[in-house]
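Undergrad: So you can see what is in the structure, the chains are spelled out below.
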Amino acid sequence: MILVVDDDNVTAHVWAYLFRQLRRQTVVATSGAEALRVLDTQPIEAIVCAIVLPDMDGLSFIARVRGRRHVADLPIVVCTGQTDAATVQRALTFGVVDFLVKPIRADHFPRVQRVLQSIPPRWESRHDVVRRLRVSTPEVTRLVALAHRDLAGVRTLVSRHLAEAERAAQRAGNPPDAGTASADRAPAGEAGAAEAGVAELAAVVGVAVRRVRDAAATVGARRCAEVLGRFLCLPLDVSAEGLRNLRDALAVEVADFEAAFPQKSLLADAPAADVRPADAGAAGQAAAAAERRGGATRPVEAALGA
Amino acid sequence: MQTAAPPGGVDPSVLHAFADLAGVDSAREVVDVYLVSAAARLAAIRAGIAADSPVAVRHAAHALASAAGAVGAARVAEIARALEGASAGGWAAPPHATAVALDEAAAESRGRLAAVLADLATLFAGADLGVAPEAADDGGPDDRDFDGAVEGGALWGWKL
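So the sequence lines, in the order shown, correspond to chains Z and W. The first sequence begins at 1 in my numbering and counts up one residue at a time. The second sequence begins at 1001 in my numbering and counts up one residue at a time.
Because the hints were derived from the structure by calculation, they are not lab data. None of these values were measured; they are calculated from a predicted model. Don't be surprised by glycine CBs; every beta carbon is placed ideally from N, CA and C. Incorrect hints may appear among the rest.
Facing chain Z, from chain W, some residues (calculated, C-beta under 8 Å) [unchecked claim]:
id	residue
1	Val-1033
2	Tyr-1034
3	His-1062
What follows is a list of derived Cβ distance ranges for each label pair [to be verified]:
id	chain 1	residue 1	chain 2	residue 2	range
4	W	Ala-1101	Z	Gly-229	55 to 63 Å
5	W	Ala-1101	Z	Arg-23	39 to 47 Å
6	W	Ser-1053	Z	Ala-199	51 to 59 Å
7	Z	Glu-241	W	Asp-1052	36 to 44 Å
Okay, the calculated bits of chain W under chain Z, using three or more residues with CB under 8 Å as the criterion [to be verified]:
id	stretch
8	1014-1021
9	1064-1075
Use the sequences and the hints to build the structure in full.
TA: Structural data, given as structure tokens:
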């Protein structure tokens, strides 16, 4: 799915028709704010954006994309009439993969096509998953449904903690971004308890995310596993901003599961797990059981055991 | 060497190239979108001049230049860019003459674009390389979507 950010609807239509030739779905946002909302809800693979937008500078938009962990790596093509050296220089600084000068022309098309061809697929092929797991195709579908349910459950868990963090911040009169990582703001006697609470929350969320990441890897959801892995590479950020970013990443990946398997009733029938600290969903429980048996948590075992 | 201005201020090669890629029907739809969009932008420019608002004129002229260029309406794009430049740092007096020239160029381009589409229809008759019929009526874009009427952002797309 390609995100086109341009308030010129003629250019946006041209892009959409061209992407249709490549059998790619197009989503159009006519402002930077809309585009950011799309990125927090839809599985976007690449962005084509203008520089002059009604609500923000296109380069500011790109900077904000680069600041969001779940979309920071998306290839961005700039298509604009602004061709001054400063604009080009700044765009290149943000790592845009191509800079196209408006008006949009036919010879722009192969350049964008090359960009799209370089995007790794979000999903491993079903055939490869079946061969790798040595199970039947229906079984893979069942595992996908379980992974989807766990993913949605972790999103619920993170959303709940985010809401709590925001409520706590409001009660304390702090801006929401001060979030739960507010040990430094607490009175001296409470600082230790607050730090312990943050560490506990990071551990709980971290375990849930790690397990759902493993389940995603098992069922071939490559992009999902890779994105969630980014949150685990570093100490998990459980500030309000960190939780918000994680929730958005999870929401996008849940949407991707639903887009990839819309025809599977299992997905619709499987209720979202209400994940609690001791209950990280079905795949997570299986992973925990594997750990208790003394083995390392292996993705395949986590998912198959569910 | 100076290139001769295209007849009617429209460069037909732009739509021809697009039709080669996406089909005549898509080219026709893009022109339809352009005509609606251009009318709105021209109205915004007139309103901006009447209100002595260089910012409004600059924004509308920028969008019009981009849209006109996308369908090959070179003269409209050129004048719109000039108007955008003239509005960039404010103005001593509203650019009435440029706005009138823009209106005239837009009117001229409408007829020429229709002629280019007719040429394309003839060229592609019986050999339309464009969108497969089964994919043509699939909830594609329309102006309602672009106006932001769709909840959650002005979004549209195709599920293929």
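Undergrad: With reference to the structure, classify each hint as holding or not holding.
TA: Tested hints:
1. Val-1033: holds, 5 Å
2. Tyr-1034: holds, 5 Å
3. His-1062: holds, 6 Å
4. W:Ala-1101 - Z:Gly-229: 55 to 63 Å: For Ala-1101 (chain W) and Gly-229 (chain Z) the Cβ distance comes to about 58 Å; the hint holds.
5. W:Ala-1101 - Z:Arg-23: 39 to 47 Å: Given about 43 Å between the Cβ atoms, the range holds.
6. W:Ser-1053 - Z:Ala-199: 51 to 59 Å: holds, 55 Å
7. Z:Glu-241 - W:Asp-1052: 36 to 44 Å: The hint (36 to 44 Å, Cβ to Cβ) holds, given that Glu-241 (chain Z) and Asp-1052 (chain W) are roughly 43 Å apart.
8. 1014-1021: holds (count 5)
9. 1064-1075: holds (count 7)
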